[in-house]
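Engineer: These protein sequence lines are chains A and B, in that order.
For the first sequence, the working numbering assigns the number 1 to the initial residue and increments by one for each residue that follows.
For the second sequence, the working numbering assigns the number 1 to the initial residue and increments by one for each residue that follows.
Because the hints were derived from the structure by calculation, they are not lab data.
Computed from a prediction, not measured in an experiment: that's the story for all the values here.
Just so you know, not all the hints are guaranteed correct.
The list makes no distinction among identical chains, and a pair is therefore deemed to hold if it is satisfied within one copy or across any two copies.
[What the hints assert, rightly or not] DSSO-like, lysine-lysine: derived pairs with alpha carbons at most 27 Å apart:
#1 K66 to K297
#2 K271 to K47
#3 K342 to K297
#4 K342 to K271
#5 K271 to K66
#6 K318 to K128
#7 K66 to K128
#8 K318 to K342
#9 K128 to K342
#10 K297 to K128
#11 K342 to K270
#12 K47 to K318
#13 K47 to K297
#14 K47 to K342
2 protein chains.
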Amino acid sequence: MSTLSVQSVFQRHREPVYQALRSAIDAIETQASTAHSELQAFYGQMKYHLGWVDEHFHPAIANTGKYLRPTLLLLASEAVGAGENDDALLRRALPVAAAIELTHSFTLIHDDIEDGDEERRHRPTLWKLWGVPQAVNTGDGLFSLARLTLWKALDEGVSSSVVARLGMLYDRTCLAITEGQHLDLSFEEHLDIPTQTYLQVIERKTAALISCSAEMGAILATTDQESIQSLSQFGRALGLAFQVRDDMLGVWATEEELGKTPAGDIYRRKKSLPIIHALAHANFADQHRLYEIYRQKAELTNEQVEQVLAILDATGTKEFCNSFLTQQCNAALDALANIATKDRPHSQRALADLTLLVRFVNQA
Amino acid sequence: MSTLSVQSVFQRHREPVYQALRSAIDAIETQASTAHSELQAFYGQMKYHLGWVDEHFHPAIANTGKYLRPTLLLLASEAVGAGENDDALLRRALPVAAAIELTHSFTLIHDDIEDGDEERRHRPTLWKLWGVPQAVNTGDGLFSLARLTLWKALDEGVSSSVVARLGMLYDRTCLAITEGQHLDLSFEEHLDIPTQTYLQVIERKTAALISCSAEMGAILATTDQESIQSLSQFGRALGLAFQVRDDMLGVWATEEELGKTPAGDIYRRKKSLPIIHALAHANFADQHRLYEIYRQKAELTNEQVEQVLAILDATGTKEFCNSFLTQQCNAALDALANIATKDRPHSQRALADLTLLVRFVNQA
């Protein structure tokens, strides 16, 4: 499995997703800034966060992310889409895909405030540039705009009962994300949380929106409830795997794989699955050592990072994470096997792409 | 017009609105805290903000506000509701009314953060008690919950196309509120903004949600587009009047009327319509004096407050505000006159109540 073939999966949907995002913001921005020029800065902040403009609101090319969630939504839609015209299928799904990406973006604006992160994708975060009050509010605006974008599906011929179903799923998902963030913030001062609790957090914070994306794609393209349910389960498992893979890379990826210092999450003292598992399974002396290291105010020395890595070794944490990852990837593949895909080239390709994504995530 | 008769208008809808709010939160809270007990604190923060519990999440009786927006929504619905059963009409409108009140509540959580306000209704604000990160997130959660509540209208037999129309209006309104807040925050450091710009701010920040409430009530009860449009205009005018009345009370209300120190908004250096109007119309020396007073770091002396009040007198600011208020109240009454109300006792009473609200606001 090459990284290249996964990149081509993302590449294929990149341009339509980008155009859908642009059109979601551009029309509203033009209208608003005609009413009041100062509102250009409001939508400008959103576009900065999305990686389209610099801090002076001049066009820029920054890292926009790979559009994982909208891509999944479109692939799910293609996988179960019936014999109808593929362009029509895409047009119906694109506003919803854009809504999901805008929602993900909104959560990052508020996460950066809540976590005090000063940089995202190598640029200053919104609150760092424009202050917390504006950033909280611009996040709320992007959240509202995301939902407004969902309704565009009506213009593409999606029935209002289907849009209502999407909207309800969407709102339940947003509530779950905030529940996850509440738990995460509540546990900030604690390291001794059960592994199960950590999984409850990432299920809400990360997996919920990925599951929602796949389920929405399915709802847009089929009425087969079993396929819809399977794609929801697929998304949940993939989302959990995705987060745990990220946690593992933050600890064990090599410098070549990352393009940056390895063990970065240990240097940053990030409370990810490896540390939580190690703490729960280390012997008394190692537990004590981990607490000491994670509670000190000073930066971690290289030697301390080596000590942490040694404790992770002693607790079999990498094996645990790998096994959890494989378990979720298998669950995702099982869910895919339950989907009633159509015998169309597009459906078959989408199914192959979804499978490819799972296998890629399982490579940590 | 007595305050008492206005209170009875609010009183009549108070209990059903409160019950709708409770049921919106209680079911979801029970489900969530069964999954994870720590989530009790998440919903507990929302209930604290709504005035139902104290900071230890024990039942409490605090000031919950008068439920202006949901009451307007229900009155608008009653005013144009056709011959159907009145209980059915109320049941259909209540989830939507609750969604609107929860949305208003959410905006207050984030406003308090953005404005750095430490107290609301004589209790510490959410961020003051639980920190900015949790308060930002609990606000997001309440926003999501508000929208989730909207969908309950489907269970009461509202069609999905009507709910879609409500949802779209709702999302446009939320975006407008954040636009207004962006403008307000942008002008924080400036006093010399045109009166027209101030009105653009309060149109979005305050009038938009009040207009949305009245329009939603109408959409739920009639298909007569002119009545729907008229109730939207009614809400907009009432919302503008409502805010300007508040601005006037903050400057000119007597101690008996307020139950607190008069001219409080001047002591707090609040940038409300009176100050903005006075600055735009004062002579050079008075302008200079106002700038000096509003820019000093120290608390205002009683003498300085007297000076400000004298400048407001000299610029005819109270007359301007009064005339603006009356103009909006007349526009609200004109809009009411265009509504096709039904010849039912409930409709007639609702229309009388809406008229009463306008006359009450016009009394500043």
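Engineer: For each hint, tell me whether it holds in the structure or not.
Structural biologist: The hints, checked one at a time:
For the homomeric pair K66 and K297, neither the shortest alpha-carbon distance inside one copy (35 Å) nor that between copies (48 Å) is at most 27 Å. Taking the shortest Cα distances, K271 and K47 never come within 27 Å of each other, neither inside one copy (30 Å) nor across copies (30 Å). Taking CA atoms no more than 27 Å apart as the test, K342 paired with K297 passes in neither setting, with 57 Å inside one copy and 70 Å between copies. In the homo-oligomer, the alpha carbons of K342 and K271 never lie at most 27 Å apart, since the shortest distance is 43 Å inside one protomer and 62 Å across protomers.
For the identical chains of this complex, K271 and K66 are intra-copy neighbours only, at 25 Å inside a copy versus 44 Å across copies, given an alpha-carbon limit of 27 Å. With identical chains, the CA atoms of K318 and K128 are never at most 27 Å apart, being 35 Å at best within one copy and 41 Å at best between copies. Proximity of K66 to K128 under the C-alpha cut-off of 27 Å is restricted to the intra-copy arrangement: shortest distance 24 Å within a copy versus 38 Å between copies. When the C-alpha separation of K318 and K342 is checked against a cutoff of 27 Å, the pair qualifies neither within a copy, at 39 Å, nor between copies, at 71 Å.
For a Cα distance limit of 27 Å, the shortest separation of K128 from K342 qualifies neither inside one copy, at 49 Å, nor across copies, at 55 Å. With identical chains, the CA atoms of K297 and K128 are at most 27 Å apart both within one copy (23 Å) and between copies (25 Å). Proximity of K342 to K270 under the C-alpha cut-off of 27 Å is found in neither arrangement, the shortest distances being 43 Å within a copy and 63 Å between copies. Neither within a single protomer nor between protomers do K47 and K318 lie at most 27 Å apart by alpha-carbon distance, with minima of 39 Å and 42 Å respectively.
Taking the shortest alpha-carbon separations for K47 and K297, neither the intra-copy value of 36 Å nor the inter-copy value of 36 Å comes in at or below 27 Å. When the C-alpha separation of K47 and K342 is checked against a cutoff of 27 Å, the pair qualifies neither within a copy, at 38 Å, nor between copies, at 48 Å.
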